[in-house]
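Chemist: For reference, the chains in residue letters:
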Amino acid sequence: MQSGGRETVADLVLRGGVITATHSPSRAKVLDRLRRGDTGFRILTRAAALAVLGLLGGVIFSLVVDALPALQAFGFNFLIEERWNPVTERFGALAPIYGTLVTSFIAMLMAVPIGLLIAVFLTELCPQFLRRPIGIAIELLAGIPSIIYGIWGLFIFAPFLQETLQPFLISAFGNIPVLSSLFAGPPYGIGMLTAGLILAIMVLPFVTSISRDVFEAVPPVLKEAAYGMGCTTWEVVRYVVIPYTRVGVIGGVMLGLGRALGETMAVTFVIGNAHKVSASILHPGTTISATIANEFTEAVGDLYTSSLIALGLILFVITFIVLAIARYLLLRIERRVGG
Amino acid sequence: MAFNPTLYGRRRRRNGIAMGLSVAATVFGLGWLVLILGVLLWEGFSGLSLAVFTEMTPPPGASGGLLNPIIGSLILTALAVMIGTPIGILAGTYMAEYGRYDRLTSVVRFINDILLSAPSIVVGLFIYEVMVAPMGHFSGWAGAVALAVIVIPVVVRTTEDMLLLVPNPLREAATALGMPRSVVVMRVAYRAAKAGMITGVLLAVARISGETAPLLFTALNNQFWSLNLNAPIASLPVVIFQFALSPYADWQKLAWTGALIITLAVLALSITARVLAAQRQTS
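Protein sequences, first through last, are from chains A and B.
The letter at position 168 of the first sequence is residue 168 when you use the working numbering, and the numbering goes up by one with no holes.
The letter at position 24 of the second sequence is residue 363 when you use the working numbering, and the numbering goes up by one with no holes.
If we strip away everything but chain A, and leave its shape as in the complex, we get (with noise of 0.2 Å):
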């Protein structure tokens, strides 16, 4: 294979080949096969490229024709029903859609604040040494499985909250006129408050991560020159951090809401599957996630089916919006900081 003690391409190639780089009508062969070898990987990667966009397709494509039917018999009035009866095969969305908005809006109302305070802990107080620990085993509590949120939320959560929380909840806030509404018993233990709290702490290394990684991103020289004034951290933080960074903590904070819309198993467990809009967040509901897993393998009819399969489309188109709407956040700022 060797030619004058240099290897040459077609060599490197075809290694174990029988051709010889000085044969030229073989020689032209090998470049041949390489070019077509190069044609052909190019348009195999740029094919699975465009399988992704025909993967986002695909699926909104199906879920409209399935969801047809079941969004041409009830029309608009499906998105304003709470009704939904199997028997009578009459079905409306209105408790699942108002179970999924109000246990993602009790989930950010708590992983927000708290998150952005663990981000300020890590970027602005904790020792160096204890920083990249603090910050991976938060994130470790993105990687369990939602099914092990659920399991828990389910066996020691609920419980838990039972005797404690919503006792209290119930008891403190029972003679304020609207409160007394919002927090009416009894403590089922399972609940929309149990379901958003959960959510919650699965949202919360989502929103941590990434205004920490915003907040790193602020130019050194802007916080040194807040704290030569005679600034306090938090002033620093409130006052420079914060409105340096809004855009991608904004994005970030909607990338925990699009996983806190969709988020299935460990909502399933725990949010008792009523098909009620109550008041109470501490009664049973439903979310649309939870609707799918519980009924949909037990669905009969084609009306039912394309019932669920309408709630799962409004669902995507939901997270669909929040999502596009974080990543053209975090986007913006993204080219910020590059350029």
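If you are wondering where the hints come from, they were derived from the structure by calculation, not from laboratory data.
Hints may be right or wrong, so weigh each one.
To be verified - Sample of chain A residues at the chain B side, in silico, Cβ under 7 Å:
| hint | residue |
| --- | --- |
| 1 | 121 |
| 2 | 151 |
| 3 | 197 |
Small disclaimer: the values here were computed from a predicted structure and weren't measured.
Where a beta carbon is used, it is the ideal one built from N, C-alpha and C, also for glycine.
Got chain A; can you put chain B on it based on the hints?
Modeler: Chain B only, in chain A's frame:
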């Protein structure tokens, strides 16, 4: 300006409160991790025995193990990785090597990032519609494809990121030697990015090994020993789901044990991935 002790004191107090809260938040966050892992170890370890790995899932009231769901999960995961990884790597290669400045690449990147966090239950619905409904029955293949759909975005993302980190002079040097583009990619760029790409696959495995929602109506579940991929096949997450929600104490016990096995596997995978990634950065 004169020194104002009240203002100074207020600012210091406010700072103290905010910093105290951020420490408390961190302790709170870490507390959940400890609490969840602690309970899992406590509940799971007591049920851990050899029988868990050698016996089939029992009927209610009898003793048994988790052999068929463990094997089922391994098969589904392996198949999903075999289907999803090549597509993901090829797509990532296009984005980083051929179409780095293409319009198509930025569109694919945007869509891929959305697929990365799309609700996995919708993936289950999608595969149900395109595979289970036309075939007329639940099957292991459908489960594997559903998981592969979740693998692809993870692998695309890491492959592209890792290939973008490969220094351009390497590619230029290889091209100067007369190598065609495909050889440069496969012999030079892939080799330089190997550790990162393996990390991506490990992360994808970690992600799918706990996924339950996409399997619920694709692979379904199977009480019995079955390796037939054209029939419903048991998987660990679905068995945990079913057993945990059952009223039988034996089943709940097995669910905890299964949860412990999955969590340990996932944590081991993600820590390995991190160590690999960290090694690449330092070397």
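Chemist: Checking against the hints above, which ones are violated?
Modeler: Per hint list: single violation, 3.
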